[in-house]
Amino acid sequence: MSKLTPVLSAHWDEADSFTIAGYKRNGGYSAVAKALAMKPDEVIQLVKDSGLRGRGGAGFPTGNKWGFIPQGDNKEHYLVVNADESEPGTCKDMPLLLANPHVLVEGVIIGSYAIRANHAFIYIRGEVTHVVRRVQQAIEDAYAAGLLGKNILGKGFDLELVLHVGAGAYICGEETALLDSLEGFRGQPRLRPPFPAIAGLYAKPTVVNNVESIASVPAIINNGVAWFSAMGTEKSKGFTLYSLSGHVNNPGQFEAPLGITLRQLLEISGGVRNGHKLKFWTPGGSSTPIFTDVHLDVPLDYEGVSAAGSMLGTKALQIFDETTCVVRAVLRWTEFYKHESCGKCTPCREGTWWLVQVLKDLEAGKGVEADLDKLLDLCDNIMGRSFCALADGAASPIISSLKYFRQEYLDHLTAGRCPFDPMAATLFETSGVK
Amino acid sequence: MAFTTEQISIMDSIIARYPRKRSAIMPLLHYVQSIDGYVTNEGIELIGQKLDLATAEVTAVSTFYTQYKSKPVGEYHLGICTNTLCAVMGGDVIFDAVKDHLGIENDGVTSDGKVSVEHIECNAACDYAPVVMVNWEFYDNQTVQSVKDLVDGARSGNPPAPTRGPNKLRTWKQNSAVLAGISDGLANEGVQAGEPTLLGLKKAKGGA
Amino acid sequence: MSIQEVSTEQATEMITCVIDGFEITVPKGTLVIRAAEKLGIQIPRFCDHPLLEPAGACRQCLVDIEINGRAFPKPQASCTIPVENGMIVKTQLTSPVADKAQKGIMELLLINHPLDCPVCDKGGECPLQNQAMSTGRSESRFEGIKRTFEKPVAISSQVLLDRERCVLCARCTRFSEQIAGDPFITLNERGALQQVGIYEDEPFDSYYSGNTVQICPVGALTGTSYRFRARPFDLVSTKSACEHCASGCDMRTDVRRGKTLRRLAGDDTDVNEEWNCDKGRWAFKYEVAKNRITVPMIRDENGQLQEASWPEALAAAAAGLKHVKAGVLVGGRATIEDAYGYSKFARITLGTNNIDFRARTSSSEELDFLASTPLTATYKDIDRADHVVLINFEPEDESPIVFLRIYKQVHKRAIKVTSIAPFASRGTKKLNANLVKAAAGNEISAITELNELSSKSVVLIGERLAETPGALFAITQLIAKSGAKLGWIPRRAGERGAIMAGAASNILPGNRLVTDNSARVDIATVWSSDSLPSDPGLNTNEIINSSLDAVLIGGVDPMDISADAKIKLSKKFIVSLEIRQSDITDIANVVLPVAAVVEKSGSFMDWQGKVRSFEAAVEQSLNRSDVRILSMLADEIGKPINLPTVKAAKSEFDSIGNWDGSKVAMKSVSNEPRKTVGNDEAVLNSWRNLLDKGSLQDGEDNLAGTARKSVVVISPDRAAKLGVKEDQLVRVSNDYGAITLPCKVLDIEESSVWLPRNSVSSQLIRNLGVVSNSIVKVAKA
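Protein chains in written order, with full-length UniProt numbering: chain S, 1 to 434; chain Y, 1 to 208; chain A, 1 to 781.
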């Protein structure tokens, strides 16, 4: 029955999956040996040929990104892994790193070799102590095993890998903000150009890749282009992690070929929570315009989701049933963007501040119908006007919710209050909790 | 408080990890929190000296990131996720109940200094919602009662272990050192994954 | 580095694009917003500043752009995008999308902006106010609650911050970091709470902080001394020149009803660009100080100064100067016209070459050096330099705009800087300079060992180098050997001009040697005089120590020269031209009031030799320029100099021109033997901090509040020997006196000790009788 294809998650059910012994037992670090026997450009070409696209949200072809690094420029190159997973709903990289940090380390070695970097960094969000422990330990064990440091596996390749722990700033998931943060500055996005491939970390050519993208590389090296590109759809090749959460009977991580639909995933996992029905969902985190039950059969690949008016993003499928007030949900996301706006540019800093105030009034049933048009006009003045994409993300749930649930906003105004019982949406018994 | 020679040499070793020393500012701030509990003026001034930065430049960085605290937090610092998904599924209720139970507001600390509470944004554990972090360790699938038990245990010096974390919950300062990149040797403790993490694999293997 | 050199020396590539339907061709690299300006199209903006690196933060300047038929999917910030060939730009004038985007941003900027324009200093000259009118909505749609902050907070004694008004454009923080190298103000917090701030224990004590007030596009940063004083439309602005140092800043002086209310940096790309220092900006109250002199005075038989009429005073002065051996001391702050007046007065009226402009430590070697050595360096040479060498010159303290220019190239091109000094000052550290440590008196070996200089190098020396015998001669040899450009940078604004005006014992106007026959004939012709005195005259020290009967003194503080200068001068007949009561008026027989800089017109010559003329900012003043008084006095004496106005002085001076005849090479000067220093002794070293006890800073307490604390700098070794730690008191003494100050332990040349030359609790001439190159005792206090 299963359309599922566990690759990264294949051995997570082994109790020592996170140790170097556990990883090696299942063939771990065999791809490094293969890759180091290839020429760096051959590794890049192989990743290009596989069709692997960035799993952090934007979907840029990973091999192309590597290919942009100028070669023979006598400069240091850097590989930086973006493990700052913070997009609401996104919860794939952290469990991956908790269960198997070595697959990332192996991917880092291969990627660094390909782009001729002798220094790599993993920038991990700071609010995950145990994940930090596991990755740190994996790096130390890899050093001890001669997989990091000088002359890796006797092949003459040197690589230093440093784990850098963030400190609570969603914006650092934006790659140039991440680089500024890693350089010891406030994590605010940089002007582009120059792009990181030309002037990234310390103004040197730099590749920034998502955890899942890099972690996918060892399997591609081991199994080949044909194996990988046989999965997925024409322009969205391979497997990926779908994260199902919210009002479902069984939330969790599902590794499947790109292009699977939410209907299929719900069937596999056990569906929307019993007695309830799907109301709205995000295909790829809170920054991607929401979908409703009419989108159950949208193929969850880059093109399919985009054609349906949203973005694949991080494949964070947050499911909300009919007990959920969409205005409350959108308000809370907007508060998130306000809290996480870096403050650099006007539309994001001031716009999210204003949007929260407008939405708070609407949720409380204050206002008139014209306020909805004002809200949309504000979104129009914010979206595409900001320095980076954060503000676009803030506008997305508002615009899309007004598209599908305008009447629900109006119902608030008619009622003069929120017509929903928030307790009904919780997982708790509705009595005696306080 | 003044930093010891040993602490200063640890700071030097943190700085040595990076090709350029300014990069060490974030782990150094975590490290200051592991000693002082929060970002003290002494810490800012020492980091400034160590990295050749004006104190204003250090402050600019420390105030940007929410994990750096400008005043003391509890020995056990709760972060209750109230981002949309957790909030809807019970995070809001938990947050209100805990504040009520402890008699403190958001960002407040109990008078015994044991527990502090803040509401946090999405912590990348949505499949375990509602989620509560304590000293940035995962407490999955929380209920009002489980969090009340958690803070009561913390106040009596006996908090329950994290769901996915070491066998025993460590203090705010101890965990801050881990975030500064100083190993506490506990990486091998705890589960490799919780049930939701394994669900897809289980289903793929034909499990029910 | 090579890229920069190519771009400055090869022809710049030109780019053609179309903006709002108009074609324009501009140099490659020009930003869209700037290209539009050239067409007269003003795109609204806040964070954009031509001298700061682009930020793209405020988003006010959004425009629609397409390149070769491909349109950007969304409006772009025109302050961050360079023009390209084939680019078509549509601004708010032709693109409804850009227009709406700009209006949307403006609305967002205003939602949290307080409506306190009526009480805001910026009101009437506020870019936000102006652009809200041009680009804003007539009515706000914001019905929520505005962000509030405590207002204002003092981020230094002279700058106040109102965070509610701030639009977070980051001009101030970028200026502090990129231009001044003083990142003491930063953006703190995040998102809607982001705010400019300082670290609580470290105020914004940058020498350049006032520029942030000037470039703030709203009223978020205001100057303490100007706050609530005026409305821009009540002010009369006059282009002026800064009188505080030889950097040569273009300035603007704003006056209301005869009173200077503020001074701003002017705009001169060849000199100060758009910046100035806080002293230039805020030190102007001396001109209205309580002890201002406005009426002539004559000392009576009881030794008291009595007010007198001009005819009485001129007669008394003439009587004292006529038929006696006399000399002239001109302080280094005279305008070219005034210095020229003193120069001509000495030769024509007094018949002597006894004249000197140097009211400071000086030597005859220096006069010889200045008369013989071409000073070739300019700001532009710094822009192009591969290496800048600083010798006994601390640009941040002694010529702050020179510092900014060097820092700019350090920041942009990481050029090499070398400093010969006792220790690395804060400025030296900011320049990332290579320090060659030298004790006062021992700089010569460091100078002769400078081997890596080329014609692309710039050597900048300070007036303090005259304190080391033989050092200036060594410089001439260094320049001859290396072909490097040379700049001599005195502290005072009038010194370069005074040399050109011949206000020195060995030179006549236009750099003509007194001892050169044909040079004297030149000048005598212009002055319609039969002959001019041919004996080299006495210099400052010689005049003071001489048996001259009378001295005419303009703008000199004897304490700047030596501890006993006042006593020695008091034995002579003194005619003092002054703006305020001083140590000289104390001993003067006749006091003639003169105009302060804002009250007169004139010109200053900066260290490069560039002349900046200015008109009187305060037109109502009855005070007259020195040259006018000198001309009257010369008439009274009966040997007229015929310079009745500043204009007459300027045109006569300009007609003289520079000497094109042969020059005499500088005489060689032998070095002093190295001083031996005992265990408890040190070689004294010092310079003047920018902000100190200088009399032109009188009356401005807010400025003084940002002065650097007086300290004694000692080496770690000496600190250990003395058993003192940082901040503990150290006593520096000699037979004359003693100074006790907290110490600062720095990597200073081992035998040296450093003190500020003229700061609070550290006035070296007054307290020690010497300023440098002298043995002092150092002890724990």
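Hints are computed from structural coordinates only; laboratory data are not their basis. Hints should not be assumed to be uniformly reliable.
With a Cα cut of at most 27 Å, we get these calculated DSSO-like pairs of lysine-lysine [what the hints assert, rightly or not]: (1) A/Lys103 x Y/Lys50; (2) S/Lys204 x A/Lys663; (3) S/Lys403 x A/Lys74; (4) A/Lys721 x A/Lys777; (5) S/Lys374 x A/Lys103; (6) Y/Lys69 x Y/Lys205; (7) A/Lys481 x Y/Lys21; (8) Y/Lys50 x A/Lys74; (9) A/Lys412 x S/Lys204; (10) Y/Lys99 x Y/Lys148; (11) Y/Lys21 x S/Lys204; (12) A/Lys74 x S/Lys75; (13) A/Lys146 x S/Lys366; (14) Y/Lys50 x A/Lys725; (15) Y/Lys69 x S/Lys277; (16) Y/Lys50 x A/Lys290; (17) S/Lys277 x S/Lys235; (18) Y/Lys114 x S/Lys24; (19) A/Lys777 x Y/Lys21; (20) S/Lys3 x Y/Lys71; (21) A/Lys744 x A/Lys675; (22) S/Lys24 x Y/Lys50; (23) S/Lys204 x Y/Lys50; (24) A/Lys663 x A/Lys481; (25) S/Lys204 x S/Lys3; (26) S/Lys360 x A/Lys146; (27) Y/Lys69 x Y/Lys50; (28) Y/Lys71 x Y/Lys114; (29) A/Lys408 x S/Lys204; (30) A/Lys566 x A/Lys290; (31) A/Lys780 x A/Lys744; (32) A/Lys721 x S/Lys403; (33) Y/Lys50 x A/Lys744; (34) A/Lys429 x Y/Lys50; (35) A/Lys721 x A/Lys780; (36) S/Lys360 x S/Lys374.
Since this is a predicted model, take the numbers as computed values, not measurements.
Margin query: Taking the earlier hints as the rules, which of them does this structure contradict?
Written below: 1, 2, 6, 7, 8, 12, 15, 16, 17, 18, 19, 20, 22, 25, 32
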